[in-house]
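Novice: Join these two chains into a complex; the hints should help.
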Amino acid sequence: MGFISSFRDNLGAWINKIFKKKRAKIGLYGPPNAGKTTLANRILKDWSGEGTFGTVSAVPHETRRAMRKEGLIINANGSTIELDIVDTPGMATKIDFKEFMAFGLSEAESKKRAKEATEGVIEAIKWLDDLDGILLVMDSSEDPYTQVNVTVIGNMEARKLPLLIVANKMDLPNASPSRIKDAFPQHAVVQISALEGSNIDNLYQAIATHFG
Amino acid sequence: MILMREVHMDLISEEKLENMTSMEKIRLILDKVKKGKIVVLESGLTPDEEVRLIEMTMTEIRVDEFSGIEIETYPSKKGGSFLDKIFGKTLKGRMTVIGPANQIHTIEKDKYQISTKVSLGD
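In the order they appear, the protein sequences are chains A and B.
The first sequence begins at 1272 in this note's numbering and counts up one residue at a time.
The second sequence begins at 4 in this note's numbering and counts up one residue at a time.
Isolated chain B, as found in the complex (with noise of 0.2 angstroms):
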């Protein structure tokens, strides 16, 4: 007998992302991600979600449980136009995938494209 061994994955719709507090966005992520499941977010989080994240994730890890996430998304487009400049326009996040650290590993990334392989846990 064969045993198929599966990866969860959501991904979250950008609709669903903008009716969401920081918050609880970063709290739906960590929840997910120390399941075991890998998300992808389509419209990502902004650079300050992302260091709240981050830095809620090193709260949240312990010893044999959780090491951490791996979260993966492209560099911010080039400057952005001038009327974003003068009316101060924020950055936009982009597409970001988001795994626990011990079952999801970047082999490649550049400015368009993003090569993660995922491992089964076990």
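Looking at chain A on its own, in the form it has when it is part of the complex (with noise of 0.2 angstroms):
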């Protein structure tokens, strides 16, 4: 059992090396609203036509799950790589239940909609250990300098993990991308407005580039 499990996995390596096509476990990593899930969806659409990972919303928190689609397939600046993409709940160091009610939810929902916030913080965490790259998504009209995206960024700097941070919403009139470039120069940034689908052509380029 175990030679022949070694074996097709050996062969599978061998047949991509000829083929050069490349495979990779990819996550959305981010703060909550920063568009991971919007960019997801639109990465699932442009590349298999179907379906969406999860619904988007203004609430924060919208996505309490992780939820990964296997075999995307990215043809992009002459090479293919094959995609597992992870999207993953917002990475927070609080949740307050009230902030919810501010958003009209009832103290019953907001409470439960906390309790499967830090679930999910903590399954994001999780899955730190079981990626090959990931994709940091960050709100453009935003400060930078958020906890979340400093330690995200120091994890994937202390595994030897390639990195890609995506400056979504350059769509806003206060969106600036060189705030976040300025703030993170070791760093390959790349603009996008993932609700508009701007720019998402160089996102691609980008991922076969540096995930290949």
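Heads up, some of the hints might be wrong.
As a list, the in silico DSBU-like pairs of lysine-lysine whose alpha-carbon atoms are at most 35 angstroms apart [claimed, not checked]:
no., chain 1, residue 1, chain 2, residue 2
1, B, Lys40, A, Lys1397
2, B, Lys38, A, Lys1383
3, A, Lys1431, B, Lys19
4, A, Lys1340, B, Lys120
5, A, Lys1365, B, Lys37
6, B, Lys114, A, Lys1296
7, B, Lys35, A, Lys1382
8, A, Lys1382, B, Lys19
9, A, Lys1293, B, Lys38
10, A, Lys1386, B, Lys38
11, A, Lys1316, A, Lys1397
Don't read these hints as lab results, they were simulated from the structure.
Specialist: Next comes the structure, spelled out in structure tokens:
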């Protein structure tokens, strides 16, 4: 059994090598409301043409369970990469149920969401151990020096795993991707609008180059 | 009569942190912060300790008791020397301030300075 499994793995690696097709498991990380699920949905639509990762909402922590889609084949820049994409819940260091009540949720709903959001953060952290690289999604109109960004980047650097920063929401009038580039000059930054799809081809090229 | 309200702040030295395991550091921080104290770590935490602290914080959040932490540190220094990379030297933590989320608020942060506002508990 072990021999067959090992043979199958080796054969798969050999075929991938011959056809230069690489495979990577990539996580989408970032603070709540940075646009991770919007981007995940767009990648899925562009490269599989169907389905969504999840619903998108203005209420923080809409995604409270990590979702994985396997085998998305991205062709860009003359190379092909097969991706398993993991859309993770927003990372945070604090979760107060009153924050959800401000969006019109009842107290009971807010407490339930807060509890699920804490579980979602833990799930996102656990996924860090099982990825080949990450797309760190930031809201270009917000301050990039959040602890979540600093911690995720620090972890990727310590693990020596590839990281690509996505400066999202460049469609907003106060967006400033240059602030992100200035904050983390040692990492590649691609500015996009996942909502409008602008500059998305540049992101796919960067993904193929970075994770391929 | 003027009532003086106080903020309790613990500054923890690099020497003390060096002699503690990751779990001991996390427990020390959370126990202090849950009591309403502000903790300043001279040498900070490693990136892995930071995520473990966030993870542990999430498990201890309770409605109307503890809503989490505010933690602020500087981004890692650019690159590291060539020799550090050759010998796989890990990135060293940097000065870090941690406090209860309902009391400490970051006003402004950049590569060189962290400005925080501490509000007094009720």
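Novice: When you check the alpha-carbon spacing of B/Lys38 and A/Lys1383, does it fall within 35 angstroms?
Specialist: Between B/Lys38 and A/Lys1383 the Cα gap is close to 25 angstroms, so the pair holds against 35 angstroms.
Novice: Would the pair A/Lys1340 and B/Lys120 pass a check requiring their Cα atoms to be no farther apart than 35 angstroms?
Specialist: violated (42 angstroms)
Novice: Checking one constraint from the list: CA of A/Lys1431 to CA of B/Lys19, max 35 angstroms. Satisfied?
Specialist: holds (28 angstroms)
Novice: Within a Cα-Cα threshold of 35 angstroms, do A/Lys1382 and B/Lys19 meet the stated pairing?
Specialist: Status violated; Cα separation ~38 angstroms.
Novice: Between the alpha carbons of B/Lys114 and A/Lys1296, is the straight-line distance 35 angstroms or under?
Specialist: Given that 35 angstroms is the threshold and the Cα spacing comes to 31 angstroms, the pair holds.
Novice: Does B/Lys37 lie within 35 angstroms of A/Lys1365 when you go C-alpha to C-alpha?
Specialist: The given pair, whose Cα atoms are some 13 angstroms apart, holds under the 35 angstroms limit.
Novice: Tell me if the straight-line CA distance from B/Lys40 to A/Lys1397 falls inside 35 angstroms.
Specialist: It holds: about 28 angstroms lies between the C-alpha atoms, which stays within 35 angstroms.
Novice: Holds or violated: are the alpha carbons of A/Lys1316 and A/Lys1397 at most 35 angstroms from each other?
Specialist: holds (27 angstroms)
Novice: Decide if the proposed pair is consistent with the structure: B/Lys35 and A/Lys1382, CA atoms, cutoff 35 angstroms inclusive.
Specialist: holds (25 angstroms)
Novice: Taken at face value, is the distance from the CA of B/Lys38 to the CA of A/Lys1386 at most 35 angstroms?
Specialist: holds (22 angstroms)
Novice: Mind checking the alpha carbons of A/Lys1293 and B/Lys38 for me, to see if they're no more than 35 angstroms apart?
Specialist: Outside the cut-off at roughly 50 angstroms; violated.
Taken one by one, the earlier hints fail for this structure at numbers 4, 8, 9, listed in ascending order.
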